[in-house]
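Residue numbers (the numbering used here), protein chains in the order written: chain A, 1 to 350; chain B, 1 to 283.
The set of hints was computed from the structure by calculation and includes no laboratory data. As the structure is a computational prediction, the values presented were derived from the model and not from experiment. Each hint should be verified, as a subset may be incorrect.
[What the hints assert, rightly or not] So the derived label-pair ranges between C-beta atoms look like this:
1. Glu295/A <-> Arg105/B: 27 to 35 Å
2. Glu58/A <-> Asp170/B: 51 to 59 Å
3. Asn15/A <-> Val18/B: 55 to 63 Å
4. Gly105/A <-> Leu121/B: 47 to 55 Å
5. Trp184/B <-> Ser2/A: 34 to 42 Å
6. Asn15/A <-> Lys276/B: 34 to 42 Å
7. Leu108/B <-> Asp244/A: 55 to 63 Å
8. Lys108/A <-> Ile48/B: 39 to 47 Å
9. Asp170/B <-> Gly105/A: 39 to 47 Å
10. Gln83/A <-> Tyr104/B: 48 to 56 Å
Ideal Cβ placement from N, Cα and C applies to all residues, glycine included.
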Amino acid sequence: MSFLDLKNVTKIYPNGTKAVHETSLSIDEGEFMVFVGPSGCGKSTLLRMVAGLEDITEGDINLDGKLMNEVDPSERDVAMVFQNYALYPHMNVYNNLAYGLKNRGIDKETIEQKVNDAAKLLQISDYLQRKPSMLSGGQRQRVAMGRAIVRNPKIFLFDEPLSNLDAKLRIQMRLEIKKLQQKVGVTSIFVTHDQVEAMTLADRLAVINNGIIEQLGTPIEIYDNPKSLFVAGFIGSPQMNFLDGNLKNKTLSAEGFEIKDVNTEHEGEVTLGIRPEHLVQSENGLINLKVDLVEQLGSDNLVYGQLTNIKDFCYRCPGNQTIEKGSNLSLNIENKKYYIFDKSTGKRVN
Amino acid sequence: MKIKPLQIIAHIILILGVLLMVVPIWISFASSSHDSVTILTEGMKFHIGDQLARNYNEVLNEKGGWSEEVTAAKMFINSFIMALGIATLKVVISAMSAYALVYYRFKLAVPIFWLIFITLLVPLEVRIFPSYKIVSDLGLTNSYTGLILPLVASATATFFFRQFYKTIPDELLESAKLDGANAWSFFIDFLVPLSKTMIAAMFIFMFVYGYSQYLWPLIMTTAEEYWTVVMGMKIIYTESYEGVALPRTAERFAYIILSMIPPVLVVVFLQKWFIKGLIQTEK
Numbered sequence: 001m002s003f004l005d006l007k008n009v010t011k012i013y014p015n016g017t018k019a020v021h022e023t024s025l026s027i028d029e030g031e032f033m034v035f036v037g038p039s040g041c042g043k044s045t046l047l048r049m050v051a052g053l054e055d056i057t058e059g060d061i062n063l064d065g066k067l068m069n070e071v072d073p074s075e076r077d078v079a080m081v082f083q084n085y086a087l088y089p090h091m092n093v094y095n096n097l098a099y100g101l102k103n104r105g106i107d108k109e110t111i112e113q114k115v116n117d118a119a120k121l122l123q124i125s126d127y128l129q130r131k132p133s134m135l136s137g138g139q140r141q142r143v144a145m146g147r148a149i150v151r152n153p154k155i156f157l158f159d160e161p162l163s164n165l166d167a168k169l170r171i172q173m174r175l176e177i178k179k180l181q182q183k184v185g186v187t188s189i190f191v192t193h194d195q196v197e198a199m200t201l202a203d204r205l206a207v208i209n210n211g212i213i214e215q216l217g218t219p220i221e222i223y224d225n226p227k228s229l230f231v232a233g234f235i236g237s238p239q240m241n242f243l244d245g246n247l248k249n250k251t252l253s254a255e256g257f258e259i260k261d262v263n264t265e266h267e268g269e270v271t272l273g274i275r276p277e278h279l280v281q282s283e284n285g286l287i288n289l290k291v292d293l294v295e296q297l298g299s300d301n302l303v304y305g306q307l308t309n310i311k312d313f314c315y316r317c318p319g320n321q322t323i324e325k326g327s328n329l330s331l332n333i334e335n336k337k338y339y340i341f342d343k344s345t346g347k348r349v350n
Numbered sequence: 001m002k003i004k005p006l007q008i009i010a011h012i013i014l015i016l017g018v019l020l021m022v023v024p025i026w027i028s029f030a031s032s033s034h035d036s037v038t039i040l041t042e043g044m045k046f047h048i049g050d051q052l053a054r055n056y057n058e059v060l061n062e063k064g065g066w067s068e069e070v071t072a073a074k075m076f077i078n079s080f081i082m083a084l085g086i087a088t089l090k091v092v093i094s095a096m097s098a099y100a101l102v103y104y105r106f107k108l109a110v111p112i113f114w115l116i117f118i119t120l121l122v123p124l125e126v127r128i129f130p131s132y133k134i135v136s137d138l139g140l141t142n143s144y145t146g147l148i149l150p151l152v153a154s155a156t157a158t159f160f161f162r163q164f165y166k167t168i169p170d171e172l173l174e175s176a177k178l179d180g181a182n183a184w185s186f187f188i189d190f191l192v193p194l195s196k197t198m199i200a201a202m203f204i205f206m207f208v209y210g211y212s213q214y215l216w217p218l219i220m221t222t223a224e225e226y227w228t229v230v231m232g233m234k235i236i237y238t239e240s241y242e243g244v245a246l247p248r249t250a251e252r253f254a255y256i257i258l259s260m261i262p263p264v265l266v267v268v269f270l271q272k273w274f275i276k277g278l279i280q281t282e283k
């Protein structure tokens, strides 16, 4: 049995909404797991069930070999960082960190030492006497993390902790969280709807949609090998291009072009997915793109244009190439890096 | 600085308001410093006379009532105990019942809240006979308990606390839970400190309410040692009318001025909190 074990966990709210469907998942000790999915997909509910803040309708949660279903949140030895940090507004930073320890009946000297250690680690030692209202967003974030670290819990739970920060700080804190987790080595679950956050932080990633884990794997596995249309569309930025097509005799015919020798026996209506970064310019390419718009990011250019029937088809090219609006590009798919999904089920078929 | 006409008008209105409030108090105070004969013959006074110390000394220490034993000082103590008891218990009970209503999501929470709220429609004056019956059956007439207890339940304060607790984000509770707080420590460590301005505001309201109670102590108390200041205002010195003695108007004014002091002090000391509690919440 692994460190954290979810077995057929289901959550049905009293009004009948099914938030999480029979989810099973194992997380190893020290692993950084990220739940990613659109809002309302059940990822936060799953996290809150691990924390004990939501009841489990069906299934079991085991943490470190102990069944947690009926265990009180305070007894689970988990720490959580909330989206709005939920710092205690009337206590100074020191007491925010110390409160959980005091409740455990730890003696004063030990508390002081633990708080000071955590504060040092997070570089908040200078603010220990301040109230949360006198701190900036990044500092509050650090205090929230400090409150989690100081208790030395079995597992860290992060519920979209970066979404209240501005873009620059978000990237910085993302890095700090990752570094910190590696340093402290605590098993962590991080919930986010931001796929970049998910890709960068995760040891393993669970892509969740409609209360079901669509795919579980390392970020690169999921990026290279999405098993469904949803995962393919959700992971990767800019989003994968999707085209309608038809498969017959290992030949895929799509909008104005054909791909032969496709690696599948599947036949019928399909969706073809191509990532913008897997396209290359070449003479007599498969795809003919009429350029509408170029977004210059510096390192890259995002080129948006039209195929025969498709709008906003995206192609990503290095930033040093100049591409004129209104020009026609001829594009090929690099190394057969395309994905074919069954149109009705959304499952990958090649 | 340029003063706009609108500001002048606003100030005139405010000054008139202040005068309307202050002048009667000043007249009472000035009149309390003369002797009764002067006031009876010359009417109320605007300037301070020479009987100030004598009048106040007499009011505080003279023994009155039928028993000739109760003094104004004793009545002040009674009123203070009653107001303090009502205010403290009201705040404590309202805060705790609001806590139960907001955080324990039992099925009857909403009906119970409305039941509490409806009691606003039946103030003590309406239910005075049943209340008296209950208190007297419990043998609580002529006791501080009897004076305080029937006035303790408060829909207003419960409502205010409930509204405040509802604005506290759920994450705070969840976070506290993960930090090992139980129901009691969440109330003491979080809700009480977060609502301290609110508590101060409610305390002032309820203190003044308790202090100015008239009908209930009047019905409740037959023993003079439980008389309160507001009752005394009506009862004390009435004997003057019966006999040949002059009405003791100056002493009455002194008594009125004294009776105003405790609530004023409470407001003065707690007003900083009071205003904060009414206009903002510390979050």
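The hints, checked one at a time:
no., hint, verdict
1, Glu295/A <-> Arg105/B: 27 to 35 Å, "violated, 49 Å"
2, Glu58/A <-> Asp170/B: 51 to 59 Å, "violated, 24 Å"
3, Asn15/A <-> Val18/B: 55 to 63 Å, "holds, 57 Å"
4, Gly105/A <-> Leu121/B: 47 to 55 Å, "holds, 48 Å"
5, Trp184/B <-> Ser2/A: 34 to 42 Å, "holds, 37 Å"
6, Asn15/A <-> Lys276/B: 34 to 42 Å, "holds, 39 Å"
7, Leu108/B <-> Asp244/A: 55 to 63 Å, "holds, 57 Å"
8, Lys108/A <-> Ile48/B: 39 to 47 Å, "violated, 59 Å"
9, Asp170/B <-> Gly105/A: 39 to 47 Å, "violated, 27 Å"
10, Gln83/A <-> Tyr104/B: 48 to 56 Å, "violated, 25 Å"
Hint compliance for this structure: hints 1, 2, 8, 9 and 10 are not met, and every other hint is.
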